[in-house]
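Undergrad: Protein sequences appear in the order of chains A and B.
FYI, in our numbering the residues of the first sequence are 294 to 681.
FYI, in our numbering the residues of the second sequence are 294 to 681.
These aren't lab readings, by the way, just hints derived from the structure by calculation.
Predicted, not measured: the structure shown is a model, and the values here were computed from it.
It is possible that some hints are incorrect.
You can't tell identical chains apart in this list, so a pair holds if it fits in one copy or across any two.
In silico DMTMM-like cross-links for lysine to aspartate or glutamate, where the CA-CA straight-line distance does not exceed 20 Å [stated by the list, open to error]:
{"#": "1", "residue 1": "Lys-305", "residue 2": "Glu-463"}
{"#": "2", "residue 1": "Lys-310", "residue 2": "Glu-297"}
{"#": "3", "residue 1": "Lys-529", "residue 2": "Asp-505"}
There are 2 protein chains.
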Amino acid sequence: MLGEFMYCNPTKLHFGKHALDHLAEEMQNFGPKVLLAYGGGSIKQYGLYDQVMQILHDCAKEVIELPGVMPNPTVDKLYEGCALAREHDVDLILAVGGGSVCDYAKALSVSAWCKEDPWEKYYLRMEDVDNRIIPVGCVLTMVGTGSEMNGGSVITHPRQKLKIGHVFGENVFPKFSILNPELTYTLPQYQMVAGIYDIFNHILEQYFSGEDDNTTDYIAEGLMRSLIHSSRIAVKDPKNYEARSNIMWSATWALNTLLDKGKTTDWMVHMIGQSIGAYTDATHGMTLAAVSDAYYRFICPYGLAKFKRFAENVWNIDPNGKSDETVAAEGLSAMKEWMQQLGLVLHISELGVTEDMWEGIADGTFLLDGGYKTLTKEDVIQILRESM
Amino acid sequence: MLGEFMYCNPTKLHFGKHALDHLAEEMQNFGPKVLLAYGGGSIKQYGLYDQVMQILHDCAKEVIELPGVMPNPTVDKLYEGCALAREHDVDLILAVGGGSVCDYAKALSVSAWCKEDPWEKYYLRMEDVDNRIIPVGCVLTMVGTGSEMNGGSVITHPRQKLKIGHVFGENVFPKFSILNPELTYTLPQYQMVAGIYDIFNHILEQYFSGEDDNTTDYIAEGLMRSLIHSSRIAVKDPKNYEARSNIMWSATWALNTLLDKGKTTDWMVHMIGQSIGAYTDATHGMTLAAVSDAYYRFICPYGLAKFKRFAENVWNIDPNGKSDETVAAEGLSAMKEWMQQLGLVLHISELGVTEDMWEGIADGTFLLDGGYKTLTKEDVIQILRESM
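Extracted from the complex, chain A is given alone in its bound form (with noise of 0.2 Å):
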């Protein structure tokens, strides 16, 4: 059944080869001075970070570069930021870069005039926003966290050893986001792959919640299939461009609150897989590819209609003469079976997880009770040691 609920998604979106020929007319909605949010070096080594620059300078914008934001955005780096944007008084954020810098911009958009320690209001009491909202746009060259079209930011606070995730209103959305999957030719595959797994798990996490006839479900079993099949000719052809435009347009559609619409939603491998990306700052699609066959065999018999559900009409398993324990579990194997293909990394041991962790990373894990089962922090510890 569909709970009650209001969708509103104002984004917009250019997507295609062309898109970035859409940047000059978005500049015209925004004040002259632009913040330039990038990571690394990719984007100057492969020649966007000009291609937007003589862009930004052909539309007559001063553009104040906030280089070095980092996978896993610290608090610290958001602080530098602030102080950048307020110095500046910016007109919009423009991030150029994957779900972090897109994840960076929007914290940023929210943080540069609180008047408060920003971190403690939006991220630890996670407040609504009440001061000044500097518009985002972003420039994606990576898939994955879907931050090019919600209003979702995640941050780091190393020392504190917590990664917390807030999901703002739509004030907060990107206006506008500029999609061109040959940007993402150049992403090596540990990171295409990790982004792809982290699409995957978007969907699973709204996906697994509710007993309910709903169809938000089958557009979520539509999105899986797709991606299920796209990221098998990905893998072997990273330059496939249908391949890369579908992967990029599922991920867009896993995570700008559609399909969570009517529904609870679990969450949970993502709160154990950033408790552990605060441990071991690895990279985050790997976090959650690496706890969830145990997380979700932990779970199965609390929802097994809906993982035979699952295995039926995502991985095609036939039902007949089955118990429903097996078929769930046909289709868990069948799923584990396709991420060794990916190459995603099913053991949290290899991303630097030692047992003297686990205490610290259950107790970095957010408990949350959409899901078919309220985890406590003994069952964390328990998919902690099955996922070694």
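Given the structure of chain A, go ahead and fit chain B onto it with the hints provided.
TA: For chain B alone, kept in the frame of chain A given last:
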């Protein structure tokens, strides 16, 4: 392959049993004069009119009433509304009703301040909007058209025997729509199933194009599976909230611009159906249903691979040991069987079409070229003959 596209859908939706509670908050975004457009007496009969009027009065709105919007809104009704909207210089057009009322509200939105004849400018010549637009909000009482979250607007010119739809840009999309599935309970069964087929056909019109691998088509398959499932429940138990809410949500996503992204589209069933509507004033969804079987069997050989996929992924046809043609035909037979179960009209003669109308209906059918075969006038006549 996903082609180049822009996606932007800014309509805000309030969904659920208590969706109307949000009308008052939406009213804060608009000026004091509200043009209230609605159809016949049904919204008065079931109390919705009184509820809406109470909310508008509580919000201190001046209400200008425009009743009598007919199922296929006419150009004369449009002229009447234009005069009223200009005379009172209204700030908002609030459509309370089904897709026809929403379509009409959008037509009025762009036509009221149009300096030329809006029928000629926006329907016959399909020009872009370059005049003042009056914002539109919707309270939906019937599902099918998807008009609550798109720019589509179909207007009929009875004297010219023309029924033309213009798809306007996102500046004409409703600013908000109120979707309460319970408001659809009072709809007669005939209208309900016609609406269900309208939804299904919207998906087919976008699905049956292109041979490429495209995430959008997987989403379409998910929506179709959900709709088939829920329609079978709703036709036996029209007050089943779960089924009716899924149908309502499917209708919105079937035609809110997502399913055509990066694709060409077909729309020939709608072109033929609309021409039949101009001759018979028959219920829109029934005009589509009555020509669909003949139409899809006619184009099947030109898009065989997609019809095979449709049979397998939507209707669970087992392809083992069968030719592609057989699999595709079994899929279409399964669709026809489902249409019979719903009680849809499957013959245009039952809608009042007589042989002497074929020539005129074919002349009034716009021959589009996005589908698997560009029809000729003779093809249309053959499809009409086979639909009798």
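Undergrad: Evaluate each hint against the coordinates.
TA: Here is how each hint holds up against the structure:
Taking identical chains as interchangeable, the C-alpha atoms of Lys-305 and Glu-463 lie at most 20 Å apart whether they share a chain (12 Å) or sit on different chains (10 Å). For the homomeric pair Lys-310 and Glu-297, the shortest alpha-carbon distance between copies (7 Å) is at most 20 Å, but the shortest distance inside one copy (38 Å) is not. For the homomeric pair Lys-529 and Asp-505, the shortest alpha-carbon distance between copies (19 Å) is at most 20 Å, but the shortest distance inside one copy (38 Å) is not.
Comparing the model with each numbered hint stated earlier shows that all of them hold.
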